[in-house]
Amino acid sequence: MASQRVFQLGLRRAAVAPSFARFQQPAGRIVQRRLVATEHVNQQKGTEILAKQRLQRPVSPHLAIYRPQITWYGSGLNRLTAVILSGSLYLFGFAYLAAPALGWHLETPSMVATVAAWPVAAKVIAKFTLAMPFFYHSVNGLRHLAWDLGKGLKNQTVIRTGWTAVGASVVLSLYYSFFV
Numbered sequence: 001m002a003s004q005r006v007f008q009l010g011l012r013r014a015a016v017a018p019s020f021a022r023f024q025q026p027a028g029r030i031v032q033r034r035l036v037a038t039e040h041v042n043q044q045k046g047t048e049i050l051a052k053q054r055l056q057r058p059v060s061p062h063l064a065i066y067r068p069q070i071t072w073y074g075s076g077l078n079r080l081t082a083v084i085l086s087g088s089l090y091l092f093g094f095a096y097l098a099a100p101a102l103g104w105h106l107e108t109p110s111m112v113a114t115v116a117a118w119p120v121a122a123k124v125i126a127k128f129t130l131a132m133p134f135f136y137h138s139v140n141g142l143r144h145l146a147w148d149l150g151k152g153l154k155n156q157t158v159i160r161t162g163w164t165a166v167g168a169s170v171v172l173s174l175y176y177s178f179f180v
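For the sequence shown, full-length UniProt numbering gives the first residue as 1, with consecutive numbering after it.
The hints are simulated quantities; they were obtained by calculation from the structure and are not laboratory data.
Yeah, the Cβ is synthetic: ideal placement off N, Cα and C, and Gly gets one too.
A hint or two may mislead.
Stated by the list, open to error - Listed next, with one range per pair, are the computed distances between beta-carbon atoms:
id, residue 1, residue 2, range
1, R54, T114, 56 to 66 Å
2, D148, W72, 37 to 47 Å
3, L85, L35, 50 to 60 Å
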């Protein structure tokens, strides 16, 4: 019903408009018209035309032409830590659910006894490996919350808080690994 109404209005406008104003657009409305001639071409000719057009297209800049910055590394590391944290949570959850069927012992007492038998260096490395993504993602999350409030958005502040997030994450992870 609405399409019929639009068609009728279009016919009325075309009938009432003078011949010289037929292709003028209403005020405030921009419509781009491109008059083209078409012809049928075979597959090979079409591929050649497309190849010539691709040579004239602008090339998008790639990351390799830019100087690396802490904002890049911070953003990538934040996403990577999110994947690591959520992926390990899901893996452990599925393993915990499948453990009775597979004969694995993932109960807390079994895991505590297993880790207690490890050498101290292995415990420290395992704790640091688990703590670093957690602390970096947490500290960087606080940084993002500050940005959401409109604080610290100047370039120098972003650079300083990026390195602060890295440093605080390493310090917190080392503290957790050795003293907790």
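Okay, the hints, checked on the actual structure:
1. Separation of R54 from T114 is about 58 Å and conforms to the stated range, judged on CB atoms against 56 to 66 Å.
2. Range check, D148 to W72: about 20 Å between beta-carbon atoms, so the 37 to 47 Å window is missed.
3. Distance hint for L85 and L35: a CB-CB separation of about 57 Å, consistent with the stated range 50 to 60 Å.
When each numbered hint is compared with the structure, a violation occurs for hint 2 only.
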